[in-house]
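Participant: What follows is the residue order along each chain.
There are 2 protein chains.
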Amino acid sequence: MSVQADRPSGGARVAVIGLGSMGFGMATSLRRAGFDVAGFDVDRGAVERFATGGGRGAAVPAEAAHGVEAVVSVVVNAAQTEAVLFGPDGVAAAMPEGAVFISSATMDPEVARRLAGRLEETGRLYLDAPISGGAQRAAEGALTILASGSPQAFARARPMLDAMASKLYELGDAAGQGAAFKMINQLLAGVHIAAACEAISFAARQGLDLAKVYEVITASAGNSWMFENRVPHVLDGDYTPRSAVDIFVKDLGIIQDMARAAKFPVPVSAAALQMFLMTSAAGMGRDDDASVARLYAQVTGTKLPGGES
Amino acid sequence: MSVQADRPSGGARVAVIGLGSMGFGMATSLRRAGFDVAGFDVDRGAVERFATGGGRGAAVPAEAAHGVEAVVSVVVNAAQTEAVLFGPDGVAAAMPEGAVFISSATMDPEVARRLAGRLEETGRLYLDAPISGGAQRAAEGALTILASGSPQAFARARPMLDAMASKLYELGDAAGQGAAFKMINQLLAGVHIAAACEAISFAARQGLDLAKVYEVITASAGNSWMFENRVPHVLDGDYTPRSAVDIFVKDLGIIQDMARAAKFPVPVSAAALQMFLMTSAAGMGRDDDASVARLYAQVTGTKLPGGES
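Sequence lines, in order, name chains H and B. Sequential numbering from 17 applies to the first sequence in the numbering used here. Sequential numbering from 17 applies to the second sequence in the numbering used here.
Worth flagging that the hints you see were computed from the coordinates, not collected in a lab. Ideal Cβ placement from N, Cα and C applies to all residues, glycine included. Take these hints with a grain of salt, some might be off.
Only pairs whose alpha carbons sit at most 27 Å apart, straight line, appear in this in silico BS3-like list of lysine-lysine [what the hints assert, rightly or not]:
1. B/K279 / B/K183
2. H/K228 / B/K183
3. H/K319 / H/K228
4. H/K319 / B/K279
5. B/K319 / H/K279
6. B/K266 / H/K228
7. H/K183 / B/K228
8. H/K279 / B/K228
9. B/K279 / H/K228
Chain H regions said to be covered by chain B (calculated; three or more residues, Cβ under 8 Å) [to be verified]:
10. 72–82
11. 242–248
12. 279–290
Just need the whole structure built from these sequences, with the hints factored in.
Facilitator: What follows is the structure, given as structure tokens:
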């Protein structure tokens, strides 16, 4: 690609920690933009695939972080992020002073502020940068990033953000703001998935033509991004995980923690969380999150496409 | 308009029962298409406005129904629909045999089937035809209609449907199917309003820039038709009713009745209903349904635009 010919990055070093479907795509986008990318994952197979494709594999996070401009952390949650930073062979001590840690995990804003403060005390920068968009957009460098942090962190991170994102929201000058916006999105997304599953399985129970329900709802005031995106999985009876049930067990759980700490009742998302928990408890935690519809169907003996009940 | 010049209706008589913001617009669309429209409402002022605009006013529903091709019923619920049909001065006995009753109220599909059966025994036709779209689209003849009924009912109603709707879904050959599709839409719409209000007030509690939240969410996976449509009312602090809280007290209540009768748990919409009920109980039942956000704000002492708390 012409972008690669330009090498706007000048071959600067970047580490990507976490080479799952999102991290692998983000690392690929960074390499395409000309960065010299070292990748680490707890899954050695993922590191080997990355090295086979021309990236540099690292044995531990600290090794990947030597001499970098930035570490991009694409792990699942706050605990993993903390381990990447401050655990054994963590990146915090290995990063050059003034380098920036770009944190994409969805987490409680309070935790993001705490991690940022601890890293900044050591002379490194922290950018709170949750991501939105799927694996395909990660690979295309077309993610949406909800970022907040100091002007210095933004300045240092900008070339990498430009390589990974087609849409960058600058949401404040301190860590935590990006995380807070992401959590509001997750509250809505989780409720909308649960509502879509409740509605489509209730429609099935009434004997309605589900393809017609999809056609009518997506053209009506009852539509949501999630209804439009997830209900086709139900219509196809295909629960291969694009995003797993346990992701929303986690994210709606964070919402409950935040809300309880703030003494703020959130009964609608609390009800949605219970449905993700029931679906996970029924053994579908690693299946696609549209599996919440299967839970409704199983409990009520309703037939869905591809199902046995 | 050229449509009027064509007068495809040949000046056939139609009655419109219920001249609220939706019914008035639908009556206007029918007149524009060349129908001879008689209108009735329990509010005499509405009938006078309709007559002043050139329509024929009627003193009772039966009077409006004399000699009609169709009666279009635009009342609020099943009980009012039953009264329009079979109550004192109701239309059922006054309609010519073979004329069609076009019923737009949102109701339990079981009730729609019962009303249709009772009317059809008298030799009149029944079209189950819930509507979607606001007052403006009603006035423009651009509603979405979710219709089901016998082929005879569709054939008789088609010229009137064409005058009122830009999108007509034909959802089955018996009353009840249209109502069932509408209820699935209302389940989702109600949950999405409650979720939008929970999310935007929780964002306010966290001190986020609400206009920015709106910008980010409407471009993200957490978006819904209702979030996009209702949150601006919260941002403007304007709770003038476009659609009232008590509409969803009613419609999510019907969902609960249907689900209980079917032994089908619907915990997410049950939680949403409680929020509409709390908002109505707090004195906001006739205010805009985005008032659910004000309830969250009042309970938690969170400041929203235009609010005092």
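Participant: Each hint should be assessed against the structure and marked as holding or not.
Facilitator: Here is what the structure says about each hint:
A distance of roughly 33 Å separates the Cα atoms of B/K279 and B/K183; the hinted pair therefore is violated under the 27 Å criterion. Restraint check: the Cα-Cα separation between H/K228 and B/K183 comes to about 14 Å, which is no more than 27 Å; the hinted pair holds. A hinted pair counts as satisfied when its Cα atoms are at most 27 Å apart, and H/K319 with H/K228 qualifies at roughly 16 Å. Restraint check for H/K319 and B/K279: the C-alpha separation of about 15 Å stays at or below 27 Å, so the hint holds.
For the given pair, B/K319 sits about 15 Å from H/K279 by alpha-carbon distance, which is consistent with the 27 Å threshold. In summary, the hint linking B/K266 to H/K228 is supported, as the alpha carbons are separated by about 25 Å, within the 27 Å threshold. Proposed proximity of H/K183 and B/K228 is supported: the alpha carbons are some 14 Å apart, at most 27 Å. Note on H/K279 and B/K228: the hinted pairing holds, with a Cα-Cα distance of about 24 Å set against a maximum of 27 Å.
Proximity of B/K279 to H/K228 is assessed by CA-CA distance (about 24 Å); at most 27 Å being required, the pair is judged to hold. Here the region 72–82 of chain H counts 0 residues with a CB under 8 Å from a CB of chain B, which misses the bar of 3, and the coverage is violated. Under the rule that three or more residues need a Cβ within less than 8 Å of chain B, the assignment of the region 242–248 of chain H holds, with 3 such residues. For the region 279–290 of chain H, the assignment as covered by chain B holds, since 11 residues bring a beta-carbon within under 8 Å of that chain's beta-carbons and 3 suffice.
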